[in-house]
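Quick mapping for you: the protein sequence lines, in order, are chains X and S. My numbering puts the last residue of the first sequence at 245; the count rises by one with no breaks. My numbering puts the last residue of the second sequence at 492; the count rises by one with no breaks.
None of these hints come from the bench; they were simulated from the model. For every residue, glycine included, the Cβ atom is placed at its ideal position computed from N, Cα and C. Hints should not be assumed to be uniformly reliable.
To be verified - Quick look at which bits of chain S chain X covers, simulated, 3 or more residues with Cβ under 8 Å: (1) 315–323; (2) 335–349.
Said to hold, decoys possible - Distance condition first, Cα-Cα at most 30 Å in a straight line; then the derived DSS-like pairs of lysine-lysine: (3) S:481 <-> S:418; (4) S:360 <-> S:415; (5) S:372 <-> X:165; (6) X:146 <-> S:360.
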Amino acid sequence: MRKILISLILPVSVVVILTILTTFTGLIPPYFLPSPSEVIQSFETLLMNGELVQDTSLTLMRVVLSLTVSALIGIPLGILMGWSDTVRDLSSFMVGILRPIPPIAWIPFAILWFGVGLESAVFIIFIGSVFPILINTMDGVKRVDKVLLESAYTLGASDIQVLRKVAFPASLPNIVTGLKVGVGVGLMCTVAAEMIGSNSGLGYLIFTSTSMLDTGSAIVGMLTIGIIGLGADYLFSRIEKEVSW
Amino acid sequence: MITLENITKGYLKYKQEYVALQDINLKVDKGEFLCIVGPSGCGKTTLLRMIAGLDFPTSGQIMENETEISGPSRERGYVFQQYSLFPWRNVLDNVAFGLEVQGLADEERYQKARKYLKMVGLSSFEKSSPQELSGGMKQRVAIARCLVNDPQVLLMDEPFSALDVQTRHKLQKELVHIWRKEQKTIIFVTHNVDEAVFLADRVVVLSSAPGTIIKTFNIELDRIRDRTSHEFLNLKKEITRLLDVEP
Chain X
1 MRKILISLIL PVSVVVILTI LTTFTGLIPP YFLPSPSEVI QSFETLLMNG
51 ELVQDTSLTL MRVVLSLTVS ALIGIPLGIL MGWSDTVRDL SSFMVGILRP
101 IPPIAWIPFA ILWFGVGLES AVFIIFIGSV FPILINTMDG VKRVDKVLLE
151 SAYTLGASDI QVLRKVAFPA SLPNIVTGLK VGVGVGLMCT VAAEMIGSNS
201 GLGYLIFTST SMLDTGSAIV GMLTIGIIGL GADYLFSRIE KEVSW
Chain S
246 MITLENITKG YLKYKQEYVA LQDINLKVDK GEFLCIVGPS GCGKTTLLRM
296 IAGLDFPTSG QIMENETEIS GPSRERGYVF QQYSLFPWRN VLDNVAFGLE
346 VQGLADEERY QKARKYLKMV GLSSFEKSSP QELSGGMKQR VAIARCLVND
396 PQVLLMDEPF SALDVQTRHK LQKELVHIWR KEQKTIIFVT HNVDEAVFLA
446 DRVVVLSSAP GTIIKTFNIE LDRIRDRTSH EFLNLKKEIT RLLDVEP
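Make the full structure from the sequences, and use the hints.
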């Protein structure tokens, strides 16, 4: 309870200060930064006309879809890179070059390869989320206690069995951490992704409302992404605790 | 029977060649309890790892019966100095691991695992996770996990070194009982002379850097041995002196 109260101090203060600055003193014009009451108004409107629910669910669907693709590619690849020095030597240079490229830079190619639509959006979010998953998985597998691997070998396990029954479960906590970071980065990519890939979603909402100076709706969209991120973080932290020992 | 012929093991450190073990010749008979003692860094763990197939000699041959050892096998169980239980598996599933990778059905492998868990006195802990166990219990489970595979040879690398004296003595006694009951060949590495004299049929004393066999002692005292008997203390003294003159 005390923790919750303390964590509320900053956001409540920000709202109070913004209310004073925008509504009561008028120091900040509404197109510059909307007042909290305007944001609440926009929130009501978007909730009533169903836009918010629809955008949120569409964005969530895209993020979940992208994350699934990232996990399906990032986890096996990360396990291979962590397991085999050869695979790691082969691919770490390539991964090192691709990883720092901002997902937004891939937009032109996303459009060329996938056209405008869901695939492009998923591709952009995938680019953002696959690397944290890949790198964390690789690190996890690489750092598995050697004694555990050798124990398994002396107990008669084959390479594949050691990989499946020792290396994978031992690195599960790292894999979950990778997914957690991946969701965060994926959400950060939603605006860029929905800018091109769709005409719906929270990213699209933010992007279009800002261009029409509807700053209240933009902030509703931003906060919704933030809350989704917070929720995802909480969820994965719980899973992290569950799979670690 | 395990045979080591002219084993030499070198390694590179800071681009320099070191010799860890030199000209080791050793035969370990079936059912024998052999202890290898030596100062730290004499290569005794390396020697054991090579018998396990986790490491390989620079020259020489290690044979199990008539075949050269080419890698780890469930015929040669290994108990590590460090705690080595799989932390995400409960005690029973740890013990059953070796049978699981052989593809035995649940019922059969749990039945066998329970038998060995009982042998090490931990039947009531089968659902516990390794983190809930004390150091001595963890090593008991590790021993049971090896025995369940019914290996011909049990290789033990200072498995009791992290335990307090009382627990260590207790586990040594239990190990002697298990060895007699299961009739395994045991090769046990330790730097503790008391432990070696208590456990072994034969004690092999290694010198340090490079490790060579300096002397072998046959211990013919009755089991379970009395640590306070004259013969015991004399043997201990003799071996300790031998190790102390080593630089």
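Hints versus structure:
no.: 1; hint: 315–323; in the structure: holds (count 7)
no.: 2; hint: 335–349; in the structure: holds (count 5)
no.: 3; hint: S:481 <-> S:418; in the structure: holds, 18 Å
no.: 4; hint: S:360 <-> S:415; in the structure: holds, 20 Å
no.: 5; hint: S:372 <-> X:165; in the structure: holds, 19 Å
no.: 6; hint: X:146 <-> S:360; in the structure: holds, 28 Å
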